[in-house]
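**Q** Residues per chain are reported as follows:
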Amino acid sequence: MSTLEIRNLHVTVETPEGTKEILKGVDLTINSGETHAIMGPNGSGKSTLAYSIAGHPKYEITEGSVTLDGEDVLEMSVDERAKAGLFLAMQYPVEVPGVSVSNFLRTAKTAIDGEAPKLRTWVKDVKGAMENLRMDPSFGERGVNEGFSGGEKKRHEILQMELLQPKISILDETDSGLDVDALRIVSEGVNRAKDNTGLGVMLITHYTRILRYIKPDYVHVFVNGRVAEEGGPELAERLEAEGYDRYLASA
Amino acid sequence: MTVTDHTQATADAAHSHGIIPDKSRADRPTSFDVDVFPVPTGREENWRFSAVRDLKPLFADEAADGHLEWTTSDLPEGVSLVEVPVDEAQARSVRAPGDRASAIAAKRSGGAMALTIAANTVVEEPITIDLNGTGGDVRGHLLVEIGQSAEATVVITRTGTARYSELVSVDLKDNSGLNLVLLQQWDEDAVHAGEVVARLGRDSRLRGTVVTLGGKVVRLNTSAAFAGEGASVDLFGLYFADSGQHQEHQLFVDHAVPKCTSRVTYKGALAGKTARSVWIGDVLIRAAAEGTDTYELNRNLVLTDGARADSVPNLEIETGEIEGAGHASATGRFDEEQMFYLRSRGISEEQARKLVVRGFFADLIHEIGVPAVEESLMRQIDLEIAHVEEELENE
Ligand SMILES: Nc1ncnc2c1ncn2[C@@H]1O[C@H](COP(=O)(O)OP(=O)(O)OP(=O)(O)O)[C@@H](O)[C@H]1O
Ligand SMILES: [Mg+2]
Numbered sequence: 001m002s003t004l005e006i007r008n009l010h011v012t013v014e015t016p017e018g019t020k021e022i023l024k025g026v027d028l029t030i031n032s033g034e035t036h037a038i039m040g041p042n043g044s045g046k047s048t049l050a051y052s053i054a055g056h057p058k059y060e061i062t063e064g065s066v067t068l069d070g071e072d073v074l075e076m077s078v079d080e081r082a083k084a085g086l087f088l089a090m091q092y093p094v095e096v097p098g099v100s101v102s103n104f105l106r107t108a109k110t111a112i113d114g115e116a117p118k119l120r121t122w123v124k125d126v127k128g129a130m131e132n133l134r135m136d137p138s139f140g141e142r143g144v145n146e147g148f149s150g151g152e153k154k155r156h157e158i159l160q161m162e163l164l165q166p167k168i169s170i171l172d173e174t175d176s177g178l179d180v181d182a183l184r185i186v187s188e189g190v191n192r193a194k195d196n197t198g199l200g201v202m203l204i205t206h207y208t209r210i211l212r213y214i215k216p217d218y219v220h221v222f223v224n225g226r227v228a229e230e231g232g233p234e235l236a237e238r239l240e241a242e243g244y245d246r247y248l249a250s251a
Numbered sequence: 001m002t003v004t005d006h007t008q009a010t011a012d013a014a015h016s017h018g019i020i021p022d023k024s025r026a027d028r029p030t031s032f033d034v035d036v037f038p039v040p041t042g043r044e045e046n047w048r049f050s051a052v053r054d055l056k057p058l059f060a061d062e063a064a065d066g067h068l069e070w071t072t073s074d075l076p077e078g079v080s081l082v083e084v085p086v087d088e089a090q091a092r093s094v095r096a097p098g099d100r101a102s103a104i105a106a107k108r109s110g111g112a113m114a115l116t117i118a119a120n121t122v123v124e125e126p127i128t129i130d131l132n133g134t135g136g137d138v139r140g141h142l143l144v145e146i147g148q149s150a151e152a153t154v155v156i157t158r159t160g161t162a163r164y165s166e167l168v169s170v171d172l173k174d175n176s177g178l179n180l181v182l183l184q185q186w187d188e189d190a191v192h193a194g195e196v197v198a199r200l201g202r203d204s205r206l207r208g209t210v211v212t213l214g215g216k217v218v219r220l221n222t223s224a225a226f227a228g229e230g231a232s233v234d235l236f237g238l239y240f241a242d243s244g245q246h247q248e249h250q251l252f253v254d255h256a257v258p259k260c261t262s263r264v265t266y267k268g269a270l271a272g273k274t275a276r277s278v279w280i281g282d283v284l285i286r287a288a289a290e291g292t293d294t295y296e297l298n299r300n301l302v303l304t305d306g307a308r309a310d311s312v313p314n315l316e317i318e319t320g321e322i323e324g325a326g327h328a329s330a331t332g333r334f335d336e337e338q339m340f341y342l343r344s345r346g347i348s349e350e351q352a353r354k355l356v357v358r359g360f361f362a363d364l365i366h367e368i369g370v371p372a373v374e375e376s377l378m379r380q381i382d383l384e385i386a387h388v389e390e391e392l393e394n395e
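Chains as they are written, first to last, in the UniProt record's numbering: chain U, 1 to 251; chain P, 1 to 395.
No wet-lab data here; the hints were simulated from the structure.
Certain hints may be false.
[As the list claims (entries may be wrong)] Which stretches of chain U does chain P cover? Using the computed rule of at least three CB atoms under 8 Å from a CB of chain P, they are:
#1 52–58
#2 75–82
#3 94–100
#4 105–111
In this text, a Cβ means the ideal position worked out from N, Cα and C, and glycines have one as well.
Isolated chain U, as found in the complex (with noise of 0.2 Å):
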């Protein structure tokens, strides 16, 4: 059992014009096996939200803290943060050329084990691992995203995740741009991890058709910055009647 916890979140980011604050104190809990469907419209500070949780550089957090079980994410480095058990699926995933995915994943994997997996289960895990997600074997000889699709992007994401088997995930915007039966491979993905692992996930979405697929115990409405609404899955369907005009207005 896993509990992220994110009190009083205060993120910047260098702008040309001065510093700029996107994040304006954000307050959320996920355990493992939850679902929190974070929505909200463009610009509101879902992939900041995202990113600063990963720690990428470019974001530089003023304010509040991020625990893991108690641990201190915000002292972690990128990678002590994913061996710690956070896993980010991108919204935009970046071409990495020349370096195999097959590669890519193996080094990850001992990255986060501390340990080579055996050979002969990893090629079995990673074989039928791709056979879910209807990913071509050949796609273990290509550059990382190396002229993937939109849709093969997001599935390599997911791929990523269910082999590395991290505690809580995060999916920005996995669903975006990908068509109905792409959306249901990935979302069958994300439901095979809640189910074998007890995956926690952060389902940040524009559109509410992937909670059709992916089932929320929580919606959470984020509007300039921060938690504007929260609820129980009702309120995806109250926001795909409504929009987010009601929030706008007030913000």
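Place chain P with the ligands on chain U using the hints.
**A** Only chain P with the ligands this time, still in chain U's reference frame:
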């Protein structure tokens, strides 16, 4: 189709130029007469990025006292390696020297070594020649002659130290194939100026790979001239400059006849405050060279502050009837987003840097086509990266 693609990703410490020289590349003098070439000052077109001060000993038209120790793999039938006198070596060279250092090398070599592959001989195993310097001034002249329809791979490795200048003449007769790999693995105080001149007969194929990791100053000037139709040349280069190293690679591909293909692909990484690299790629498509297909690329990866990479592609086109002609030059800083992505998967900073740099060079290394060389290069690049880690820690 004519494509002139000059992409530049600029970085603080990096410089790219797209200057077309005022004179055609074809007008540069070539001669065995040393006096045709005055001592370079650093203001000349072809020396303006060079480490002229360090190269100075190589401009002295004097007898040299040192030599390189030769170790050669067993030569199969049809392959010979013999010494030839200076006069004969000059006569058998495909072209006269194009600068003072190589003119002196050809004059003061004391005799050239000629590696000759007889016509129709196909050498399966790479021929390896190791040249080890034990200090001092060395002048060298090497002839590589590939007979008609012969094929061979030749790997020349330079180690140890010397103040070394050389002329390497590469003669590909019709329909022959040569994979020539030149590895500069000098000790850190070596100074090396070399000129490699290749002439490609009809339907011949040259793959030339240059790898420069060692030495204080290395300046390699490679020219490939097409003498018959249907020939192709692939020139690859890989370099890794640390603090105190100056690595310069100049290329000249001379499309003088129709229907030839050239590809130039050079990649370099730089780390350390005073690391310096220069790449100048000249391609000339003469009026007669219809149906030419050429592309040249130089990419530099700047790993730390202070390092400087100059990259100058020049394309001179004298005919419109070509298949394609393009060039690209890009110099970029280390990509922080790639690092973040890898590290967010638990991979340490050091390991992530290693992956990115290996990835940068991977496709190039696979082009070398000599498995033993490819493997040892990957290991050496890992060592270079370990070096970068030290540099970063000392910052
Ligand atoms: N490096 C940066 N420089 C300047 N502004 C930034 C930077 N990073 C983020 N921002 C700004 O911060 C705000 C929040 O951005 P963020 O990407 O977190 O939003 P988001 O909710 O994820 O949006 P989307 O739904 O479009 O993905 C935006 O106004 C964005 O322009
Ligand atoms: Mg976003």
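**Q** Take the hints in turn and mark each one as holding or not.
**A** Consistency of the hints with the structure:
1. 52–58: Satisfied; 4 residues make the cut.
2. 75–82: holds (count 5)
3. 94–100: holds (count 6)
4. 105–111: With 3 residues closer than 8 Å to chain P, the stretch 105–111 of chain U meets the three-residue bar; holds.
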